[in-house]
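Since the structure of chain A is provided, determine the placement of chain B on it from the hints.
As they're listed, the protein sequences go chains A and B. Under UniProt numbering, the residues of the first sequence are numbered 1 to 354, in order. Under UniProt numbering, the residues of the second sequence are numbered 1 to 354, in order.
Among these hints, one or two may not hold up.
Unchecked claim - Covered stretches of chain B (chain A as the covering partner; in silico rule of three or more C-beta atoms under 8 Å from a C-beta of chain A):
(1) 94–101
(2) 136–144
(3) 156–163
These aren't lab readings, by the way, just hints derived from the structure by calculation. Note that this is a predicted model, so its numbers are computed, not measured. Don't be surprised by glycine CBs; every beta carbon is placed ideally from N, CA and C.
Residue strings, one per chain:
There are 2 protein chains.
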Amino acid sequence: MEQSGGEPASVARSETLGSLGEAAVLARIFPRLPAAASALLGPGDDAAVLAAPDGRYVVTTDTMVHGPDFRLAWSTPFELGWKAAATNLSDIAAMGARPTGLVVAIVAPSETPAATLEGIADGLREACAELAPGTGVVGGDLSVSDTLVIAVTAFGDLEGRAPVLRSGARAGDIVAVSGALGLAAQGIALLFAHAVDADGHPDAGRVAALRHAHGAELAAQLTPRPPLADGVRAALAGATAMLDVSDGLALDARRLAAASGVLIDLDGVAIGIAGLALEGDHDEVGAEQVLRGGEDHALLATFPPGTELPGDFRPIGHVRAVDSPGVAGVLVDGVPYEARGGWDPYADWNGGSG
Amino acid sequence: MEQSGGEPASVARSETLGSLGEAAVLARIFPRLPAAASALLGPGDDAAVLAAPDGRYVVTTDTMVHGPDFRLAWSTPFELGWKAAATNLSDIAAMGARPTGLVVAIVAPSETPAATLEGIADGLREACAELAPGTGVVGGDLSVSDTLVIAVTAFGDLEGRAPVLRSGARAGDIVAVSGALGLAAQGIALLFAHAVDADGHPDAGRVAALRHAHGAELAAQLTPRPPLADGVRAALAGATAMLDVSDGLALDARRLAAASGVLIDLDGVAIGIAGLALEGDHDEVGAEQVLRGGEDHALLATFPPGTELPGDFRPIGHVRAVDSPGVAGVLVDGVPYEARGGWDPYADWNGGSG
Chain A
1 MEQSGGEPAS VARSETLGSL GEAAVLARIF PRLPAAASAL LGPGDDAAVL AAPDGRYVVT
61 TDTMVHGPDF RLAWSTPFEL GWKAAATNLS DIAAMGARPT GLVVAIVAPS ETPAATLEGI
121 ADGLREACAE LAPGTGVVGG DLSVSDTLVI AVTAFGDLEG RAPVLRSGAR AGDIVAVSGA
181 LGLAAQGIAL LFAHAVDADG HPDAGRVAAL RHAHGAELAA QLTPRPPLAD GVRAALAGAT
241 AMLDVSDGLA LDARRLAAAS GVLIDLDGVA IGIAGLALEG DHDEVGAEQV LRGGEDHALL
301 ATFPPGTELP GDFRPIGHVR AVDSPGVAGV LVDGVPYEAR GGWDPYADWN GGSG
Chain B
1 MEQSGGEPAS VARSETLGSL GEAAVLARIF PRLPAAASAL LGPGDDAAVL AAPDGRYVVT
61 TDTMVHGPDF RLAWSTPFEL GWKAAATNLS DIAAMGARPT GLVVAIVAPS ETPAATLEGI
121 ADGLREACAE LAPGTGVVGG DLSVSDTLVI AVTAFGDLEG RAPVLRSGAR AGDIVAVSGA
181 LGLAAQGIAL LFAHAVDADG HPDAGRVAAL RHAHGAELAA QLTPRPPLAD GVRAALAGAT
241 AMLDVSDGLA LDARRLAAAS GVLIDLDGVA IGIAGLALEG DHDEVGAEQV LRGGEDHALL
301 ATFPPGTELP GDFRPIGHVR AVDSPGVAGV LVDGVPYEAR GGWDPYADWN GGSG
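One chain only, chain A, in its complex shape:
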């Protein structure tokens, strides 16, 4: 009898995707999703119709998979929705575009609580509202599998400007970044160090204390706040090249260098590694986390010499011509930096660590 007061909540918890069915789940999710200001026709027909005022649109897609990309023991559904939106919108911003819309495909086990999808929808909505107001979800798809997968495709508007590519950096340009470096990597390192059980498996019970002690690091990992508005600001300020730092500063800088045919010379003091140990000790960011840690979702850009850097961009180095017959690449304080960095889902993921 004492438990009867809790029954409605426990009944609600027992509602799964399988027990409700697709139509009922969609009916719960739709009202939670953000509307897109650019949607001429929203969800509900075979396809949506979006406005492209300047006759072009920007498109990117990125997927989050339970295991390699997130763990339900560590992330709330809200955080998953937030991160799925934020990371895709960051790729739009990195073109110098204004984010406008998303489509979201979710594959989930039949026994997934409906509340999990409601939480994901809430996270998508709040990320759009806080990071890129006016952006919304214009379509989606639900399917079933043993593993939760969130596949997002995001759209953006260049507002008449040329896209800012990776290939435009020129010798003499300023190298600048907006957003934190290494903090998200520190967050995941803390989770693997302190939020696992004796067998090394993710342990939800140990995350709360970690959130209290290391709020900034866990937020950077679980609910990243990429500086989306700085993408348009960089384009307006004349950025010559730009990308989203998702696979670690060194690897993404190397991509920009290769596309542009230049050297990127990073300033160890400016990126904050001058006084750091090479490897962090799980409680402090190390130089390797700054250079090689993934999921920063900072914006890395190059600007012509003398540019007044816009928004939160700060200078972290400069662009040099390749030495004849040299090869494009990354230097730190003038010394070639060739460690691979980044993360390969096939080479690097051990199923057991998910």
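Frame of chain A; chain B shown alone:
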């Protein structure tokens, strides 16, 4: 020694996503993907840029999951790529739009042969070339999981026309369809009846004979050829409503009826069920397969009375006003047809049947 001549092939077969890594896999796939005529900037940067000549673009997304949506024992990788493209492009056509591009996210086990992804890429390319020339892949993402998932987002161009919605059918309109009804459902029924082992599990060895004896049915299921060009033709001919028949004629007609607030009265002779048994016997299409079988990817449309039906559209009924205070719905020869039909991934999928 006799086997030494086969070594290169067996070495090639041993190349998996895990052994090659993401970058090497992408390098193999990219050259196989079709370029999109509307891509102002293709794959390789943070995002692609597509042209939207009339200032709008059409967007839809649909996911295929190993188990509920396909089985590698029955489909070749080429067929998976083909179907992933064809089914998404059909949703674009159903808006009266011309398909222009796709982004493709693939989640695959680390031990997947690289050749599997090459086959998927080949299928995507050939489906675009044959069904919607000029359409291409403008971006993608690769990730890792235990279950193969192919998530596609497709784009289209309305070329200045209004989109053809589900909600525009009016009393007196002709109901018409382009494409086969029930054939894809017959294909999957044949596979479940004749291409399984003694335990009911999909058996690749039994598919070849079935392809020989029932080529049309298996092709409808494994490599559907939706009548994409008829989508634009329908719009030009003044279609008042249209949708892609993916969940069975009755359920999709009911969706169109509900959106339009009308009755859809189907002609039993015209849809070919007049002489059929209610249920097929695994070797012949039954009435229930015509009305409730999924994955037809036919186009269902309504046209004003007197319209000369375009392309391969054929009349299959007419639109009636709801009886006061009646409810929108579907009739067959004037008799309400209320069976649910369609397929719910959560309610209907038994993991064992995959």
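Structure-based check of each hint:
Here's how the stretch 94–101 of chain B fares: 4 of its residues keep a CB closer than 8 Å to some CB of chain A, so the rule of at least three is met and the hint holds. With a cut-off of 8 Å between beta carbons, the stretch 136–144 of chain B has 7 residues touching chain A; three or more are needed, and the interface restraint holds. A count of 3 residues in the stretch 156–163 of chain B with a Cβ less than 8 Å from any Cβ of chain A is obtained; the coverage claim is therefore met, three being the minimum.
In terms of the numbered hints stated before, the structure departs from none.
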